[in-house]
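2 protein chains.
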Amino acid sequence: MGKEKRDLVIGIDLGGTKIYAAVIDRKGSILGSERKKTKAELGFPVTVTRMAECARAAAATAGLPWEAIRAIGVGSPGPLDLKKGLIIETPNLAWKEAPLRKELKKLLKKPVYVDNDCNVGLLGEYTFGAARGARDVVGFFVGTGIGGGVIIGGRLVHGFNENAGELGHIILDPHGPACGCGNQGCLEAFSSRLAIEREIRRAIAAGTPSAVLDDAGASAAPIRSRRLLEAYLANDAAVVPAINRSAEYLGYATAAMLNIFNPEVVVIGGGVVEALGDLYVNRTREIAVKNCFAIASRNVRITAASLKDDSGVLGAAVLAWSHLH
Amino acid sequence: MGKEKRDLVIGIDLGGTKIYAAVIDRKGSILGSERKKTKAELGFPVTVTRMAECARAAAATAGLPWEAIRAIGVGSPGPLDLKKGLIIETPNLAWKEAPLRKELKKLLKKPVYVDNDCNVGLLGEYTFGAARGARDVVGFFVGTGIGGGVIIGGRLVHGFNENAGELGHIILDPHGPACGCGNQGCLEAFSSRLAIEREIRRAIAAGTPSAVLDDAGASAAPIRSRRLLEAYLANDAAVVPAINRSAEYLGYATAAMLNIFNPEVVVIGGGVVEALGDLYVNRTREIAVKNCFAIASRNVRITAASLKDDSGVLGAAVLAWSHLH
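Chain order of the listed sequences is A and B.
Heads up, the first sequence is in the numbering used here, so the first residue is 713 and it goes up one at a time.
Heads up, the second sequence is in the numbering used here, so the first residue is 713 and it goes up one at a time.
Bear in mind the hints are in silico, worked out from the structure with no lab data behind them.
Misleading hints may appear alongside valid ones.
Copies of the same chain look alike in the list, so a pair counts if it fits in one copy or across any two.
Unchecked claim - Derived lysine-lysine pairs resembling DSBU-like cross-links, with alpha carbons at most 30 Å apart:
id	residue 1	residue 2
1	Lys796	Lys821
2	Lys817	Lys1002
3	Lys795	Lys1002
4	Lys796	Lys1002
5	Lys808	Lys1002
6	Lys749	Lys1002
7	Lys739	Lys749
Given the structure is predicted, the values throughout are model-derived calculations rather than measurements.
Isolated chain A, as found in the complex (with noise of 0.2 Å):
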């Protein structure tokens, strides 16, 4: 088969502290990548020139021709304005109106597209993961903060403000804990990495015997998910509970979605969940099922992410495809 037919792209995940790229064809194998900083602290000018030397560098490790490469796609955290290619506002990037497809374009010479990296990430899943064979789809990704996606008839759902997918803030109790977002009770408050380390760090501080903290929990380093998961195996009594409670919420969450769409496949990443597995996914489906009308989740997967890393990669890889054919 020649390189054309094959349909190479590169597929780039944007994270905030790395840049990932990899050369991907149309099986979904990573034929080349390599990984940098992202070093967004210095402006994004420095960082949108890392995302494409990051880009040839995986093409060279490919062995391939720069033209062998016919687009370019890319997760970005967001939000993003999609029909302009910027990156609007984030956080993580501390940049505001960051000209991504243009720029990247000016350096690569190729076609780019981008989407936020959830969408990505659960494209990815879609495609090659665990969601492989699903017209309807929903994705939750635990991380820092909890984002999503939502796949309705093979289509990524974008919304009006090309917004839609934010899973991590559906309000679980407006009477619940303070949000990053402002808000009380959000599913993040709740179930993410921050949220499970407060808990954790919370019931140090309260007394519980626990081996994950040295110092009753006044170190602010994060805690590390293999540390999660062995203190999860061996029973620790401050981690134990922080864990359950997030899956159980993730549980609730997914038993809305549930009742919402009624989906084919509910797919559940990010570094705890990959970390823990079915100790973690087992408890949000028993939760997610007994919440939900009988007919939503019937013969529905709620089930782990499998792609871990990589998921962002072949994600932006399928979004690329998308646009060229």
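Got chain A sorted already, so can you dock chain B onto it with the hints?
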């Protein structure tokens, strides 16, 4: 214009207490209509015969021969099996696996198309009512319970088991009041007409002065929408907080829908809302906008339904047309 070109269809709104059938033209004009009691307690064959009589009477009222009618659309309580045209089960009608499409087709000798009442009501508002001109629309119908529907890109979202749109059972507080569905803290348990009445009776039983019930909440009869409006306008101490609470929780649910779908229009229908109009909807809108991302509500209309009792028959006509072309 010939009758065939006018694409005349009959929309039927099947309710728990009444059947309403109307002949409708492409402009959404009702050319003739008929209403009958449902008499569900006499069994499905009796009701389906009454539906057929109602449809034929509507055509006669319009002065049209039966041949002028191209198809029949029906909005029915659910859940439904759309592929088979069955009413699977519904508390209001007490039938199981009722073959609505097949039997009605046999009686009327026309193509028959069925969808659930809230989806059909939303189709009506989308095509001829408050959501006219929008592509992405969410609808809430506040009645004895709360139903809903979602249109994305001009198409109703049905989901994997054809049971999407159960917006009344979004959980707004996992520890909230018991809901008829068996769970706790669903929207319906806060905002439905039953929830409003329960709050009013509770307040009266606790000694709150109110003009609504004669004997301190002992009467089990439903409180009419018109009576609620009068009491609200008179600043009734039991009615005002109950209505406001309903509107506020609907606001939280609306915020979730804005963050999830970012629709262009949110339509709110049902007797209580229609009677109170902006007194209710303004409060819902205020809470919704405050509790979602700014971009998710920007230029989004949150508005009362405009077709009142006709949304069902008009939407059923739209359903029929959608299958004719």
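Evaluated hints:
no., hint, result
1, Lys796 - Lys821, "within (17 Å within a copy, 53 Å between copies)"
2, Lys817 - Lys1002, "neither (48 Å within a copy, 38 Å between copies)"
3, Lys795 - Lys1002, "between (40 Å within a copy, 26 Å between copies)"
4, Lys796 - Lys1002, "between (43 Å within a copy, 27 Å between copies)"
5, Lys808 - Lys1002, "between (43 Å within a copy, 23 Å between copies)"
6, Lys749 - Lys1002, "neither (43 Å within a copy, 36 Å between copies)"
7, Lys739 - Lys749, "within (28 Å within a copy, 59 Å between copies)"
Violated hints for the displayed structure, listed by number in ascending order: 2 and 6.
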